[in-house]
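Protein chains in written order, with the numbering used here: chain A, 1 to 138; chain B, 1 to 138; chain C, 1 to 138; chain D, 1 to 138; chain E, 1 to 138; chain F, 1 to 138.
Note that these hints are calculated values from the structure, not bench results.
Please read all numbers here as calculations on a predicted model, not as lab measurements.
In this text, a Cβ means the ideal position worked out from N, Cα and C, and glycines have one as well.
Any given hint might turn out to be false.
Label pairs and their calculated CB-CB ranges [unchecked claim]: (1) E/Ser31 x C/Pro46: 21 to 31 Å; (2) C/Gln30 x E/Glu133: 28 to 38 Å; (3) C/Pro46 x B/Ala10: 47 to 57 Å; (4) E/Gln30 x D/Ala10: 50 to 60 Å; (5) D/Asp17 x B/Gln11: 31 to 41 Å; (6) F/Asn23 x C/Thr28: 54 to 64 Å; (7) A/Ala57 x B/Glu131: 17 to 27 Å; (8) A/Glu62 x E/Glu133: 35 to 45 Å.
6 protein chains.
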Amino acid sequence: MTTVKLVSDAQAANNPDILAVFNDIRTTRQSDFINNFWRALAIDPPLLQRTWSGLKAVMASEGALDPLVREMIYIAVSTANGCAYCIHSHTAAARARGMSDAQHAELLAVIGLAAQTNHLVTAMQVPVDLEFEVNSED
Amino acid sequence: MTTVKLVSDAQAANNPDILAVFNDIRTTRQSDFINNFWRALAIDPPLLQRTWSGLKAVMASEGALDPLVREMIYIAVSTANGCAYCIHSHTAAARARGMSDAQHAELLAVIGLAAQTNHLVTAMQVPVDLEFEVNSED
Amino acid sequence: MTTVKLVSDAQAANNPDILAVFNDIRTTRQSDFINNFWRALAIDPPLLQRTWSGLKAVMASEGALDPLVREMIYIAVSTANGCAYCIHSHTAAARARGMSDAQHAELLAVIGLAAQTNHLVTAMQVPVDLEFEVNSED
Amino acid sequence: MTTVKLVSDAQAANNPDILAVFNDIRTTRQSDFINNFWRALAIDPPLLQRTWSGLKAVMASEGALDPLVREMIYIAVSTANGCAYCIHSHTAAARARGMSDAQHAELLAVIGLAAQTNHLVTAMQVPVDLEFEVNSED
Amino acid sequence: MTTVKLVSDAQAANNPDILAVFNDIRTTRQSDFINNFWRALAIDPPLLQRTWSGLKAVMASEGALDPLVREMIYIAVSTANGCAYCIHSHTAAARARGMSDAQHAELLAVIGLAAQTNHLVTAMQVPVDLEFEVNSED
Amino acid sequence: MTTVKLVSDAQAANNPDILAVFNDIRTTRQSDFINNFWRALAIDPPLLQRTWSGLKAVMASEGALDPLVREMIYIAVSTANGCAYCIHSHTAAARARGMSDAQHAELLAVIGLAAQTNHLVTAMQVPVDLEFEVNSED
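Sequences are here, hints too, so could you generate the full structure?
Here it is as structure tokens:
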């Protein structure tokens, strides 16, 4: 069903660039599992390498936001962009990072509310209040 | 620039339904400021009342997620939906709730990364891994 | 602010293909006013002609839906696609076709509700009920 | 395939809050059928209750727009937001409310046309005509 | 799974308007194959005819852009709009027009990069540089 | 109007990480001009560095696609994502790379057509033809 061919471990074993990324994914995640997204991106080793290093820097690093919070933000963007695969993979990741059913339900509630008000604001073409400019610029 | 007329305080003073919502917004936020979104929605008092009560229940309640986290999720959805007003208002709200520059930068990084991978997954039509189904259903 | 140059009446007067479309717009709408969308599309007369004939066939024809209903559907799509120009132009068109403030408010309410449930369904990845398939196929 | 567990009638029977909403859905629709969207939302009874009461107020009430028109606006938004479930459920609802094949075809034509012009306007960054501001504000 | 009934060759044979379009598709593409999109649109022969003539004029004509480039632009828009069917059909069309694996990978890389920067720009609400206005207006 | 503060050359001069990226942008583009996107991203030097290196790798490299074609694909994605800034900046970039008015008009026509058919396909929920799967997998 993909528009590209997924790269198997046997194929990766014959390409040092792909293998290096797959191995880093396994080491970083402490799991042998390589999900289909990386197997698809592997059709282009430089794209695979850049995308993984970007994801590792943002999602698997020490940072100012809790890793679970980052996963929930990821789910929110993926929902608005309609990416079913991304919603499944990052909901699984959020659960693996300890997202409770109550936190998941609250995430859903915020996503739905934001979408509703986004569309209401857009349909009414509401101008930005000066107060927000001030707050955001100070 | 709006497609509806904004309701002024003078007009609200003459409509008990609008005034009740404006007063509850002021009490809940402990601020006299009513932003344009509510002044626009006030063209339809029942829509104003339903929208405010929904927002109050999701964003201004005790819950499983930190209020700042909810604001960041709101910004993420608003960005993917392209709502400039919502991005400005909820970035201001997140700052008011203590979002640091480092947290804001990390929010931006996650939003950008998610959008990139959402589009890559969609363009390649990557099938959901069985592992994610299992994780998400267990 | 456009990425193309708007075609003036003076320029249109020197191009029979553009002039023919501008004149048909004026005749069809019984107004001398040519809005900026057509002046922008006029950079490519065949694109102008195809787009106008498509719009005329769908929006300015006898049909199964009331012209006002078509304008409200147009506003709904334009809102979800975030097209400010289209929201302004078709809200004006809907008003010219008799849209009342109450109808406008109800249009807004449906748009906001649909966006909210669209996002909730997507975030939860709800499978289509067999009953809907059956209903939609019978 | 969902990211949450669907709530069965047996489970609902043990939760008065869920049962109250399911019963109101059945009474309002005069049907015993509860579609998957509500079974998924039932993971969070307050979210279920708020969402149903919002939908009931907007879609199942007396109002300024014909119920079939509201369903067609819902389909338009759901299409632009890419919600397959919502398109199926509300196309079925529109048919149940009497949407003819000719009306459905015209709905499709307006949706497609609006999307085309939305994207053309956005790509050309067409400025809003003063006339539309005036019309929309008068 | 469609919300309309697909029109078979047997049904098309009984409708001269549908048959004329199906025959023109076959002649233009030098193939007997009619894909599901046209069989679905055939529920409304005028919509089928307008849509096909528009597609033929833009995609199957002599023009300023290479036909393969047009297919890649089509894939880019279809990806951002989340249209799985369109991504499959136009990726197949691009391959038929000679798109190499390297070109496909580069198309994917540009799509992902653009989506990432689109979202970063929107979240930061970056104002357009005067230089771009100048460039685009000269 | 931004939600972050733009970094000036004076501020960049005091931060080696920012200055290194600004200098590489200037060298790569053989221009002293740094557009607002980079000045906004500079609030987070690592995000600035990653984003610039990703853009440089995809847009400013030797590759399988003509640089002008990459810019047109970028415009197509930016249009569907509704990013006005990105549309302005990459239309200017495409013109700088030689995009003719005729090529721009054809780009617009493909974008509009794709959006129209994307929405028609989605509203009708057209299933992918087996032939496309086969073509895309061979």
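> Tell me, which hint numbers fail for this structure?
Replying inline: Hints that this structure does not satisfy do not exist here, as all of them hold.
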